[in-house]
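4 protein chains.
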Amino acid sequence: TAMSNVGPDAKIFAPYSIFKGKAALSADPRLPTFSKSESGGYKVDRRGVIMLTFWPAIGERKYDWEKRQKFALSATEVGSLISLGSKDSCEFFHDPSMLSSNAGQVRKTLSIKAHADGSGYFISLNVVNNILKTNDRFVVPVTTAEFAVMRAAFTFALPHIMGWDQYTNQLPYQASRS
Amino acid sequence: TAMSNVGPDAKIFAPYSIFKGKAALSADPRLPTFSKSESGGYKVDRRGVIMLTFWPAIGERKYDWEKRQKFALSATEVGSLISLGSKDSCEFFHDPSMLSSNAGQVRKTLSIKAHADGSGYFISLNVVNNILKTNDRFVVPVTTAEFAVMRAAFTFALPHIMGWDQYTNQLPYQASRS
Amino acid sequence: TAMSNVGPDAKIFAPYSIFKGKAALSADPRLPTFSKSESGGYKVDRRGVIMLTFWPAIGERKYDWEKRQKFALSATEVGSLISLGSKDSCEFFHDPSMLSSNAGQVRKTLSIKAHADGSGYFISLNVVNNILKTNDRFVVPVTTAEFAVMRAAFTFALPHIMGWDQYTNQLPYQASRS
Amino acid sequence: TAMSNVGPDAKIFAPYSIFKGKAALSADPRLPTFSKSESGGYKVDRRGVIMLTFWPAIGERKYDWEKRQKFALSATEVGSLISLGSKDSCEFFHDPSMLSSNAGQVRKTLSIKAHADGSGYFISLNVVNNILKTNDRFVVPVTTAEFAVMRAAFTFALPHIMGWDQYTNQLPYQASRS
Numbered sequence: 001t002a003m004s005n006v007g008p009d010a011k012i013f014a015p016y017s018i019f020k021g022k023a024a025l026s027a028d029p030r031l032p033t034f035s036k037s038e039s040g041g042y043k044v045d046r047r048g049v050i051m052l053t054f055w056p057a058i059g060e061r062k063y064d065w066e067k068r069q070k071f072a073l074s075a076t077e078v079g080s081l082i083s084l085g086s087k088d089s090c091e092f093f094h095d096p097s098m099l100s101s102n103a104g105q106v107r108k109t110l111s112i113k114a115h116a117d118g119s120g121y122f123i124s125l126n127v128v129n130n131i132l133k134t135n136d137r138f139v140v141p142v143t144t145a146e147f148a149v150m151r152a153a154f155t156f157a158l159p160h161i162m163g164w165d166q167y168t169n170q171l172p173y174q175a176s177r178s
Numbered sequence: 001t002a003m004s005n006v007g008p009d010a011k012i013f014a015p016y017s018i019f020k021g022k023a024a025l026s027a028d029p030r031l032p033t034f035s036k037s038e039s040g041g042y043k044v045d046r047r048g049v050i051m052l053t054f055w056p057a058i059g060e061r062k063y064d065w066e067k068r069q070k071f072a073l074s075a076t077e078v079g080s081l082i083s084l085g086s087k088d089s090c091e092f093f094h095d096p097s098m099l100s101s102n103a104g105q106v107r108k109t110l111s112i113k114a115h116a117d118g119s120g121y122f123i124s125l126n127v128v129n130n131i132l133k134t135n136d137r138f139v140v141p142v143t144t145a146e147f148a149v150m151r152a153a154f155t156f157a158l159p160h161i162m163g164w165d166q167y168t169n170q171l172p173y174q175a176s177r178s
Numbered sequence: 001t002a003m004s005n006v007g008p009d010a011k012i013f014a015p016y017s018i019f020k021g022k023a024a025l026s027a028d029p030r031l032p033t034f035s036k037s038e039s040g041g042y043k044v045d046r047r048g049v050i051m052l053t054f055w056p057a058i059g060e061r062k063y064d065w066e067k068r069q070k071f072a073l074s075a076t077e078v079g080s081l082i083s084l085g086s087k088d089s090c091e092f093f094h095d096p097s098m099l100s101s102n103a104g105q106v107r108k109t110l111s112i113k114a115h116a117d118g119s120g121y122f123i124s125l126n127v128v129n130n131i132l133k134t135n136d137r138f139v140v141p142v143t144t145a146e147f148a149v150m151r152a153a154f155t156f157a158l159p160h161i162m163g164w165d166q167y168t169n170q171l172p173y174q175a176s177r178s
Numbered sequence: 001t002a003m004s005n006v007g008p009d010a011k012i013f014a015p016y017s018i019f020k021g022k023a024a025l026s027a028d029p030r031l032p033t034f035s036k037s038e039s040g041g042y043k044v045d046r047r048g049v050i051m052l053t054f055w056p057a058i059g060e061r062k063y064d065w066e067k068r069q070k071f072a073l074s075a076t077e078v079g080s081l082i083s084l085g086s087k088d089s090c091e092f093f094h095d096p097s098m099l100s101s102n103a104g105q106v107r108k109t110l111s112i113k114a115h116a117d118g119s120g121y122f123i124s125l126n127v128v129n130n131i132l133k134t135n136d137r138f139v140v141p142v143t144t145a146e147f148a149v150m151r152a153a154f155t156f157a158l159p160h161i162m163g164w165d166q167y168t169n170q171l172p173y174q175a176s177r178s
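Protein chains in written order, with the numbering used here: chain A, 1 to 178; chain B, 1 to 178; chain C, 1 to 178; chain D, 1 to 178.
Read the hints as simulated data drawn from the structure, not as lab findings. Small disclaimer: the values here were computed from a predicted structure and weren't measured. One or more hints might be untrue.
Copies of the same chain look alike in the list, so a pair counts if it works inside one copy or between any two.
Once the Cα atoms are required to be at most 27 Å apart in a straight line, the calculated BS3-like pairs of lysine-lysine come out as [said to hold, decoys possible]:
no.: 1; residue 1: Lys36; residue 2: Lys62
no.: 2; residue 1: Lys36; residue 2: Lys70
no.: 3; residue 1: Lys87; residue 2: Lys11
no.: 4; residue 1: Lys62; residue 2: Lys87
no.: 5; residue 1: Lys11; residue 2: Lys22
no.: 6; residue 1: Lys70; residue 2: Lys108
no.: 7; residue 1: Lys20; residue 2: Lys108
no.: 8; residue 1: Lys67; residue 2: Lys87
no.: 9; residue 1: Lys22; residue 2: Lys36
no.: 10; residue 1: Lys133; residue 2: Lys87
no.: 11; residue 1: Lys36; residue 2: Lys11
no.: 12; residue 1: Lys22; residue 2: Lys67
no.: 13; residue 1: Lys108; residue 2: Lys22
no.: 14; residue 1: Lys67; residue 2: Lys11
no.: 15; residue 1: Lys36; residue 2: Lys67
no.: 16; residue 1: Lys62; residue 2: Lys22
no.: 17; residue 1: Lys108; residue 2: Lys36
no.: 18; residue 1: Lys62; residue 2: Lys43
no.: 19; residue 1: Lys43; residue 2: Lys22
no.: 20; residue 1: Lys87; residue 2: Lys113
no.: 21; residue 1: Lys67; residue 2: Lys43
no.: 22; residue 1: Lys113; residue 2: Lys11
no.: 23; residue 1: Lys133; residue 2: Lys22
Bound conformation, chain A alone (with noise of 0.2 Å):
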């Protein structure tokens, strides 16, 4: 095999991908773009996420990617599922048109539910559109060990999509004393 390097501009297609009976579910993390202040540094102007990707199956062992429906995590939602004990729940609602004029037209909902055994979480996305008049519902069962893999890899992603990495990444100037 003839090897080269991957350049550090390349698009960069890692997802954690988690194939059930009904549906698939995959994670991977956006980061944050910056812009340029006028004091000359860089704020963040997209803030990051990490996405979530749902698709239904339509067979044994075929999945539709064409029927795929996305969430994207916050930093405050990731810190949410990250701290998630073995019977804890949560859930979160997103409206991908918020303050625009189709506001409350299109509603999606992500819910962790624990076993009642501990022994791992259902993940499921609901996606009401009422212009389509169209309403997806995905259901990932996720065990513990799957789970645990999120939980360690969102905990490695959360300071890279805050751009906490960015401050960390910087030069360490040396303080002259002259």
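Dock chains B, C and D against chain A, hints included.
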């Protein structure tokens, strides 16, 4: 959107901010500076901190940045915060003029108090300034999810404000066998 | 000692090794490879793993590396290991010839069993090879401290074997405001 | 203040230091060195450690650095320390002359003992030197917050003293499909 790279010497603004009814709270890391020692190495000159900034609400979703007060968490205070149990509380006292002729004139108290039901914390800052005859108090209720973000981001930042990332940025030298 | 730099394309050997009475166990991470997708980005081609290697003792402090057997932990199996409680156990089954004509001929079983008193684990590998008519079994008792090293090192390595570090190695692009 | 960059081959001093009534304690990481193997790769030559240094108080806020004693924590001893529960204790024994003709002449004992009320630990070092006929003992009480800093910083440093960061610093190679 045109894209260009943020350089390694750019000043970065990526605070984690929480806006609540009576005040807002933001946190961001400040790295240590190093100075050259006589032996030719570099030692920490000014210690790194995590800077907390509080500023008051002055109307619905309006906050007055001019009235902000700061509290710089040391590495050990960060250690206290990240190890706080869901029912625990802690309190830190700072005198920004310590060791100067104004010592004792300004007293800052940061307090983190768990809600009785374990559902989050009150983070409050009290600044008593005997010179200006002012007494500022800010209280920000923080949810478990928001505190989990702070815990994860502060844990990430801790080795960096201590300067330990500089050890690990050093080149891995090879011991030759000659 | 003369010093020179280890280059970024050098092959590194830094396994975490545990030598016990009947066998030795070592662990080291193997990063994923990426291939160029049609859209110009890079996607994971071969998934990363944490490779466990077992080899038998053949005398006092002597071990036979030629008789080693390997077990490649996937991201989800690493998730299972790092979330293991001090009284928990888990077991994984691998068929190295899965989907080939030799499927089912070699069966590898890795088992992690907590000591009854919570003082550590037995990590054992059983390899049954129906072609070679061999049955190899290795048992390595691992203390709580050794398991803590594995847990911390595997948690560190997990985002890297998933390829998530490649997202965060990307340059922070600036969205221009023009 | 003029600023200049700290180079990647600079020697760094950024110990985490705790000054108490009878002694001071500092900790800093020492990275492993690598040597070139015959196969062209690099393997760990000298293992990394976290170096603990103790030195005695000789008056109010005065400490005698000349009387310091060191204890080098291995990866597994670091694993023991970071997994210590709030009521747990542990003890390590080192012989700096092990395998030499002076074996057994110097005996170092590091002990970490939880306070009965879970509010911190006593970290103490005892060095018995039969050649010099000396017996040095240092005891440093460490608060929960200080121990949390050590735990977080040691967990950060652990993969680096093991050399695992060198795996993840390698360039992500692309498998070509030709």
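Results for each hint:
| no. | hint | verdict |
| --- | --- | --- |
| 1 | Lys36 - Lys62 | between (45 Å within a copy, 24 Å between copies) |
| 2 | Lys36 - Lys70 | between (29 Å within a copy, 24 Å between copies) |
| 3 | Lys87 - Lys11 | neither (37 Å within a copy, 42 Å between copies) |
| 4 | Lys62 - Lys87 | neither (32 Å within a copy, 38 Å between copies) |
| 5 | Lys11 - Lys22 | neither (30 Å within a copy, 42 Å between copies) |
| 6 | Lys70 - Lys108 | within (9 Å within a copy, 38 Å between copies) |
| 7 | Lys20 - Lys108 | both (21 Å within a copy, 24 Å between copies) |
| 8 | Lys67 - Lys87 | neither (31 Å within a copy, 42 Å between copies) |
| 9 | Lys22 - Lys36 | neither (45 Å within a copy, 30 Å between copies) |
| 10 | Lys133 - Lys87 | neither (35 Å within a copy, 46 Å between copies) |
| 11 | Lys36 - Lys11 | both (23 Å within a copy, 10 Å between copies) |
| 12 | Lys22 - Lys67 | within (13 Å within a copy, 44 Å between copies) |
| 13 | Lys108 - Lys22 | within (19 Å within a copy, 30 Å between copies) |
| 14 | Lys67 - Lys11 | within (23 Å within a copy, 42 Å between copies) |
| 15 | Lys36 - Lys67 | between (38 Å within a copy, 25 Å between copies) |
| 16 | Lys62 - Lys22 | within (10 Å within a copy, 46 Å between copies) |
| 17 | Lys108 - Lys36 | neither (33 Å within a copy, 33 Å between copies) |
| 18 | Lys62 - Lys43 | between (43 Å within a copy, 20 Å between copies) |
| 19 | Lys43 - Lys22 | between (42 Å within a copy, 25 Å between copies) |
| 20 | Lys87 - Lys113 | both (8 Å within a copy, 24 Å between copies) |
| 21 | Lys67 - Lys43 | between (35 Å within a copy, 21 Å between copies) |
| 22 | Lys113 - Lys11 | neither (33 Å within a copy, 41 Å between copies) |
| 23 | Lys133 - Lys22 | within (22 Å within a copy, 41 Å between copies) |
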